[in-house]
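> Sequence:
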Amino acid sequence: MSSPSSAHWLSLVGSIWLQTINGPNADFPVYSSQLKELKGISQVQLNFLAFASDAGKLFGWFSGVAALHVPLWLVAFVGAAFGLVGYGVQYLFLDNAGLRFWHLFLLTALAGNGICWINTVCYLLCIGNFGSRSRVAVSLATSYLGLSAKVYTSLAETMPRLADSKAKAYLLLNAVVPMIVTVAVAPTLRLFDLKGESMSTTDTALLVMFAITLATGACAVVGSIGSTASGLSSSEHMVSLSVLLAIPVVIPVALRVRESMNKILEAKRENRIHDLGSDDAVVVIEMTDAITTKEEETVAAEKPQEEVGGLQLLKKPDFWLYFFSYMFSGTLGLVFLNNLGQIAESRGLEQTSTLVSLSSSFGFFGRLLPSFMDYYSAKSGLSISRTASMASLMAPMAGAFFLLLNPGNFFLYASTAIIGTCTGAITSVAVSATSELFGSKNFGVNHNILVSNIPVGSLCFGYFAAFLYQREAAARGGGTCSGASCYRETFTIWGATCVVGTLLCVVLYVRSRSFAGRLPVRLANLLGARQKA
1 MSSPSSAHWL
11 SLVGSIWLQT
21 INGPNADFPV
31 YSSQLKELKG
41 ISQVQLNFLA
51 FASDAGKLFG
61 WFSGVAALHV
71 PLWLVAFVGA
81 AFGLVGYGVQ
91 YLFLDNAGLR
101 FWHLFLLTAL
111 AGNGICWINT
121 VCYLLCIGNF
131 GSRSRVAVSL
141 ATSYLGLSAK
151 VYTSLAETMP
161 RLADSKAKAY
171 LLLNAVVPMI
181 VTVAVAPTLR
191 LFDLKGESMS
201 TTDTALLVMF
211 AITLATGACA
221 VVGSIGSTAS
231 GLSSSEHMVS
241 LSVLLAIPVV
251 IPVALRVRES
261 MNKILEAKRE
271 NRIHDLGSDD
281 AVVVIEMTDA
291 ITTKEEETVA
301 AEKPQEEVGG
311 LQLLKKPDFW
321 LYFFSYMFSG
331 TLGLVFLNNL
341 GQIAESRGLE
351 QTSTLVSLSS
361 SFGFFGRLLP
371 SFMDYYSAKS
381 GLSISRTASM
391 ASLMAPMAGA
401 FFLLLNPGNF
411 FLYASTAIIG
421 TCTGAITSVA
431 VSATSELFGS
441 KNFGVNHNIL
451 VSNIPVGSLC
461 FGYFAAFLYQ
471 REAAARGGGT
481 CSGASCYRET
491 FTIWGATCVV
501 GTLLCVVLYV
511 RSRSFAGRLP
521 VRLANLLGAR
531 QKA
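Residue numbering for the sequence shown follows the UniProt record's numbering, starting at 1 and increasing by one per position.
Worth double-checking, as some hints may not be accurate.
Label pairs and their in silico Cβ distance ranges [stated by the list, open to error]:
(1) Gln351 to Ser235: 29 to 37 Å
(2) Ser485 to Val243: 39 to 47 Å
(3) Gly98 to Val243: 22 to 30 Å
(4) Pro407 to Gly98: 18 to 26 Å
(5) Asp193 to Val253: 30 to 38 Å
(6) Lys441 to Ser485: 46 to 54 Å
(7) Ile180 to His69: 20 to 28 Å
(8) Gln312 to Ser260: 43 to 51 Å
Think about it this way: if two alpha-carbon atoms lie no more than 30 Å apart in a straight line, the pair counts; the simulated DSSO-like pairs of lysine-lysine are [claimed, not checked]:
(9) Lys39 to Lys168
(10) Lys166 to Lys39
(11) Lys316 to Lys168
(12) Lys168 to Lys315
Because the hints were derived from the structure by calculation, they are not lab data. Keep in mind it's a predicted model, so treat the numbers as computed, not measured. Glycine included, each C-beta is placed from N, C-alpha and C at the ideal position.
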């Protein structure tokens with residue numbers, strides 16, 4: 001049976017590190033208020049800047065096309081270069097009056113497009129290098145994207161003298177960190193052929209990775225509580241987080257040592273039995289073929305009814321159900337997180353970075369949740385429907401928006417944790433849902449077409465929230481708004497919208513359940529045989 005080797009696991013570690021730093025836009029709420037003051041822009045314009053990062057995703061499908069023709073390391077480098085230019089120019093000229101609002105918009109959009117290029121590389125590596133465990137690998141890697149905001153805020157707090165203002169410090173980190181990490185992991189960004197090895201080794205490695213990932217998330221949550229409550233300084237917490245992020249490299253190193261030892265033992269064994277006949281070899285070949293056939297049946301059971309791509313995708317009713325259900329849930333959650341800085345400020349919270357770190361940490365666990373489901377469902381022989389999983393995650397998110405109508409800070413923190421968790425889980429599940437519904441052949445293009453809903457939703461929901469905020473501020477005779485009423489109407493509408501998204505996803509599940517998330521062929525045959533007996 002084919003399973004990942006040390007080279008495959010090294011590519012997963014590279015993907016994890018890339019995902020960890022591939023959310024520079026997630027720290028925007030931390031410095032958005034200061035940026036608003038520095039450039040003298042309105043709340044509506046500030047929301048347009050939050051939308052700009054998502055607008056870059058409209059052209060994210062270019063990365064999927066590029067990945068078909070150029071090496072993956074080059075695709076990742078292009079994405080990092082876009083971020084370096086987009087955020088780097090803002091850092092250099094932020095204090096210059098010549099840097100207009102439309103300059104900021106275009107530069108932020110360019111950086112946002114770079115995120116798509118790096119994401120595409122990570123998705124293709126996990127899908128191509130991990131075969132039947134690709135869902136688990138994708139969920140593991142994408143879970144680390146939820147740590148991006150936490151990593152950037154920790155770096156900024158560790159180096160307070162990095163720049164003369166908070167906004168410039170974050171812009172510098174957003175520009176430089178992705179490029180440094182991309183250059184470091186570039187040699188690992190390759191697709192490898194799966195080799196015949198024991199799946200028990202893969203399962204053991206996955207369990208070790210789960211333990212490391214959980215420890216990393218726990219460290220992030222402790223840091224999000226605050227240095228006073230956790231007893232750790234910013235620098236100590238950053239060191240702890242860095243060590244935990246580096247530990248996964250132990251897995252490919254250990255597998256490489258094991259592979260070398262196996263080769264040595266195999267060479268000695270061949271020297272002893274070189275004069276044996278071919279009868280035993282025939283038995284081994286037949287057993288291998290039988291195992292391979294079973295694995296192919298299992299994988300075949302998870303394939304969609306047909307491979308869909310390009311313009312054909314836009315003609316499918318299922319695509320539009322998927323598009324709008326994602327926009328009314330996952331995208332809506334991202335818009336909430338983009339506005340978290342202004343929401344916290346309107347409620348009188350001074351430590352915006354704490355709330356952003358909290359959402360980032362819980363988003364991490366939300367993204368990790370699907371990987372646990374995939375691992376244990378694969379072990380039990382079941383395949384969980386991705387559309388059903390998404391629908392079950394949208395319902396609590398809708399409830400969290402209605403909880404925000406309560407002015408208490410506890411409800412703000414609780415709702416932020418729920419929305420962060422559900423948003424992270426939905427974005428992680430969606431990666432596998434795209435291949436489940438429309439096939440993996442054109443995945444790079446298909447998924448980037450799907451996530452074009454993010455800029456559309458960001459523009460609509462973000463602008464509407466800014467409009468209501470400005471109207472409330474104007475009614476009070478000022479440029480800013482304070483109190484729970486500033487976003488009351490927004491939260492009500494967002495909650496109702498999320499309910500609609502949940503219903504759309506339920507309809508999508510009903511339409512696709514005939515081939516999505518069904519029992520693998522091997523298990524179905526086994527159950528059928530038992531019933532006949």
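> If you check each hint against the structure, which ones fail?
1, 3, 4, 5, 11, 12
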